[in-house]
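Asks: Whole structure, please, built from the sequences with the hints as guidance.
Protein chains: 2
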Amino acid sequence: MSDSVKYLLDEKDLPRFWYNIVADLPNPPTPALHPGTGLPIGPDDLAVLFPRAVIEQEVSTEREIEIPGPVRDIYRQWRPSPLYRARRLEKALDTPARIYYKYEGVSPAGSHKPNTAIPQAFYSREEGVRRIATETGAGQWGSSLALAGAFFGLDIEVFMVKVSFRQKPYRRAFMESFGATCIASPSDLTAAGRAVLTDNPDSTGSLGIAISEAVERAVARDDTKYALGSVLNHVLLHQTVIGQEAMAQMEMADDYPDMIIGCTGGGSNFGGIVFPFLGEKLRGGRDVEIIAVEPSNCPTLTKGAYAYDYGDTAHLTPLVKMHTLGSNFVPPGFHAGGLRYHGMAPLVSQVVAEGMASARSYHQNECFEAGLQFARAEGIIPAPEPNHAVRAAIDEAVACRERGESRAILFNLCGHGHFDMQAYTDYLEGRLHDQDYSETELAMALSGLPSVESC
Amino acid sequence: MSDSVKYLLDEKDLPRFWYNIVADLPNPPTPALHPGTGLPIGPDDLAVLFPRAVIEQEVSTEREIEIPGPVRDIYRQWRPSPLYRARRLEKALDTPARIYYKYEGVSPAGSHKPNTAIPQAFYSREEGVRRIATETGAGQWGSSLALAGAFFGLDIEVFMVKVSFRQKPYRRAFMESFGATCIASPSDLTAAGRAVLTDNPDSTGSLGIAISEAVERAVARDDTKYALGSVLNHVLLHQTVIGQEAMAQMEMADDYPDMIIGCTGGGSNFGGIVFPFLGEKLRGGRDVEIIAVEPSNCPTLTKGAYAYDYGDTAHLTPLVKMHTLGSNFVPPGFHAGGLRYHGMAPLVSQVVAEGMASARSYHQNECFEAGLQFARAEGIIPAPEPNHAVRAAIDEAVACRERGESRAILFNLCGHGHFDMQAYTDYLEGRLHDQDYSETELAMALSGLPSVESC
Chain A
115 MSDSVKYLLD EKDLPRFWYN IVADLPNPPT PALHPGTGLP IGPDDLAVLF
165 PRAVIEQEVS TEREIEIPGP VRDIYRQWRP SPLYRARRLE KALDTPARIY
215 YKYEGVSPAG SHKPNTAIPQ AFYSREEGVR RIATETGAGQ WGSSLALAGA
265 FFGLDIEVFM VKVSFRQKPY RRAFMESFGA TCIASPSDLT AAGRAVLTDN
315 PDSTGSLGIA ISEAVERAVA RDDTKYALGS VLNHVLLHQT VIGQEAMAQM
365 EMADDYPDMI IGCTGGGSNF GGIVFPFLGE KLRGGRDVEI IAVEPSNCPT
415 LTKGAYAYDY GDTAHLTPLV KMHTLGSNFV PPGFHAGGLR YHGMAPLVSQ
465 VVAEGMASAR SYHQNECFEA GLQFARAEGI IPAPEPNHAV RAAIDEAVAC
515 RERGESRAIL FNLCGHGHFD MQAYTDYLEG RLHDQDYSET ELAMALSGLP
565 SVESC
Chain B
115 MSDSVKYLLD EKDLPRFWYN IVADLPNPPT PALHPGTGLP IGPDDLAVLF
165 PRAVIEQEVS TEREIEIPGP VRDIYRQWRP SPLYRARRLE KALDTPARIY
215 YKYEGVSPAG SHKPNTAIPQ AFYSREEGVR RIATETGAGQ WGSSLALAGA
265 FFGLDIEVFM VKVSFRQKPY RRAFMESFGA TCIASPSDLT AAGRAVLTDN
315 PDSTGSLGIA ISEAVERAVA RDDTKYALGS VLNHVLLHQT VIGQEAMAQM
365 EMADDYPDMI IGCTGGGSNF GGIVFPFLGE KLRGGRDVEI IAVEPSNCPT
415 LTKGAYAYDY GDTAHLTPLV KMHTLGSNFV PPGFHAGGLR YHGMAPLVSQ
465 VVAEGMASAR SYHQNECFEA GLQFARAEGI IPAPEPNHAV RAAIDEAVAC
515 RERGESRAIL FNLCGHGHFD MQAYTDYLEG RLHDQDYSET ELAMALSGLP
565 SVESC
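Going down the list, the protein sequences come from chains A and B. The numbering of the first sequence is the working numbering, which starts it at 115 and goes up by one. The numbering of the second sequence is the working numbering, which starts it at 115 and goes up by one.
Since the hints were derived computationally from the structure, they do not count as laboratory data. Mixed in with the good hints there might be a few duds.
As the list claims (entries may be wrong) - Pairs of lysine to any residue residues, derived as SDA-like cross-links and limited to a Cα-Cα distance of at most 25 angstroms, are as follows:
#1 B:Lys205 to A:Arg239
#2 A:Lys417 to A:Arg474
#3 B:Lys395 to B:Gly469
#4 B:Lys120 to A:Arg186
#5 A:Lys120 to B:Asp187
#6 B:Lys395 to B:Ser520
What you are looking at is a predicted structure, and each value in this text was computed from that prediction instead of being measured.
Replies: This is the structure we're talking about:
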């Protein structure tokens with residue numbers, strides 16, 4: 115057998131539960147704090163933003179949380195997603211490593227994001243919500259919530275970071291095709307947006323600003339909730355269908371990963387593939403090395419502080435303890451828009467801070483190089499975000515060749531690059547430059563971190 | 115069960131043979147004629163263009179032709195493709211009809227085209243070919259051959275119709291990402307291209323011109339063959355994996371189509387889904403109504419002549435008997451680039467001419483309207499080409515509602531619209547206009563059809 119192999123589960127093996135890593139972590143998660151009082155927030159504080167069922171999941175310590183039937187019915191359109199053994203890539207690399215990848219690009223939105231958009235929209239509709247406001251960077255999350263909104267009859271309002279809104283008209287068209295409204299952020303629809311525009315009318319926006327705008331819209335209207343596509347515990351929870359399926363598929367392959375690699379922006383892709391395996395290890399099961407990969411230009415895990423910080427620019431969100439570059443840090447331009455966030459999921463931060471995973475960073479040119487090598491061997495053009503995972507997987511496979519060691523490497527290919535072809539054109543034409551972030555600006559952003567005592 | 119349902123075959127049910135409709139047609143196909151002599155062409159005449167194995171398939175009368183192992187190994191990356199019962203769409207239409215669609219957008223190129231690109235590249239490599247020249251309109255075929263070239267280590271040279279080359283930079287980037295060369299046609303690389311540019315330096319090209327260029331390149335170089343993505347018998351043959359799988363999946367659904375709908379450009383998508391069912395009927399099996407759907411602005415089956423004509427503008431290709439608008443007919447602009455061809459597969463033409471299928475046409479705005487209705491119900495944005503099939507399927511389902519009749523309607527969703535979002539933006543912003551073709555120009559193009567006696 116020399117060709118790449120697909121491992122496909124039967125529909126009956128679609129997970130029935132989401133897996134909650136909190137039940138198995140050695141230490142309990144740190145509490146989120148109210149942005150006004152600095153005291154731990156309770157469910158009531160969050161009720162203005164999220165449906166009740168989601169808030170319960172956010173603070174749950176149960177190991178397994180049942181996936182509602184209507185959510186599984188929709189998951190079934192593309193799940194269980196395939197896991198592949200990348201034999202053609204192994205051959206191209208002449209490596210004794212066994213490279214596996216889980217492929218989430220088969221979802222209708224082309225990424226893993228619908229795994230959480232669907233349940234978030236479902237719970238909202240169950241609780242009588244009419245409209246969901248959200249933000250999107252590269253557009254993967256906005257597209258997924260637009261899709262979920264079409265399925266559940268909800269109005270979706272997406273604040274899209276202005277630079278992406280301009281660079282990615284196809285993503286906007288995708289959201290609008292599903293009936294969503296897409297607004298360039300900063301906008302004049304919110305006080306947060308107007309404040310930024312007053313300071314800087316030419317602002318191209320940031321995820322932090324767009325979050326402020328969406329949160330403000332949800333707070334202002336009774337029939338509207340907010341939804342986040344990463345970072346929070348319930349989002350990572352919903353993504354664990356990825357890792358659970360991957361465990362069963364590795365078993366089909368009669369193998370087990372020695373190493374799992376995930377790219378990290380807000381942490382949901384990483385948590386999704388990693389947590390079920392990590393839980394197994396924490397419960398005394400098989401060992402596995404875990405690597406988080408992030409862009410060198412937004413090095414949250416590798417250069418950030420592990421501290422309490424706001425999730426947004428206008429400081430409307432709760433404070434959470436996470437790796438952060440400071441909520442005012444603006445990374446230099448690069449194409450992996452989904453990884454341009456100053457913070458990190460508290461659960462991922464905790465896992466890295468407590469030594470359960472390591473982190474590394476890459477510049478974008480070396481990631482696109484890896485992405486093209488992968489595409490030519492395996493036939494799938496990855497999104498710029500998972501190119502970071504592809505780069506690390508290739509590096510590890512080459513290291514295996516050099517050491518003459520056969521390890522099983524698993525990574526999550528969280529989305530395809532169909533809406534990112536301009537980035538590939540820029541790469542192919544030598545127009546991508548690996549600009550470095552400013553050490554001074556990072557130091558300033560970090561020095562502005564809130565003092566938890568003063569909140 | 116109220117939600118849409120997926121029918122997924124096991125990998126072991128991947129077809130082992132392509133199905134050749136020629137074995138079951140009531141009349142033998144008409145022979146292709148040499149463009150110089152007007153006499154029936156033999157295998158040797160085609161050897162300059164195609165690998166020997168492909169030529170044998172082109173003229174074969176065997177019912178089943180074995181799919182080579184290495185081709186099946188690659189098919190397996192995305193095949194068997196899913197078949198869905200579109201219950202959410204049925205509900206939105208409030209119809210008693212059962213709507214099924216086969217989804218070919220799961221291939222790495224996003225359409226059904228790799229089903230033939232993979233074997234064509236395989237046979238070329240087996241016979242020592244180094245390079246394949248081809249043409250592409252909307253880019254689906256060029257993308258698929260680029261992918262196949264990457265898998266089999268062949269250089270791929272794609273002449274892309276200039277108007278699409280300019281309008282669809284992402285398609286070009288896709289091909290280049292797989293290492294293919296993409297050239298705007300008409301180009302100055304060929305005599306055919308230079309002749310067009312001398313006449314009209316601003317020519318935006320046509321599929322007929324691009325075919326002439328690719329054929330000329332293949333003829334001029336010993337290590338180069340030509341590949342066509344539709345029209346020819348062997349191409350339709352390769353696509354029959356679609357219909358064979360769909361038959362097995364309809365059986366899983368415990369149902370059988372009363373009606374099959376396929377959009378037609380060159381005819382390969384239509385032949386792929388239809389021929390296995392039609393063969394069953396021709397061998398005395400179950401009856402099924404068959405409908406070909408084409409754009410009103412390129413109405414080959416509904417307004418063309420059934421006559422011998424050239425496949426290209428420069429008259430380098432063999433003459434085949436088909437429905438044709440005349441090789442000089444240039445349709446007005448519309449977005450379904452894959453359906454902008456003056457001719458039609460001889461086998462599809464024969465099936466329509468001999469009353470085994472009917473044909474109808476739609477304007478593009480009504481097709482995009484149907485595409486969006488489908489997307490919001492089923493979550494998949496179709497390419498502009500299959501929107502024609504979606505339109506017909508919705509119309510038939512509405513007719514079922516009006517007649518209070520429950521029929522099973524099957525269509526092939528041959529590709530997704532990720533690279534066609536500009537068309538959706540234009541539609542959503544009211545910028546698509548249903549220009550009509552000129553009756554005078556069509557009459558002129560038809561009057562220029564070659565007299566077979568004079569060839």
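Asks: Hint by hint, where does the structure go against what was stated? Just the numbers, ascending.
Replies: none
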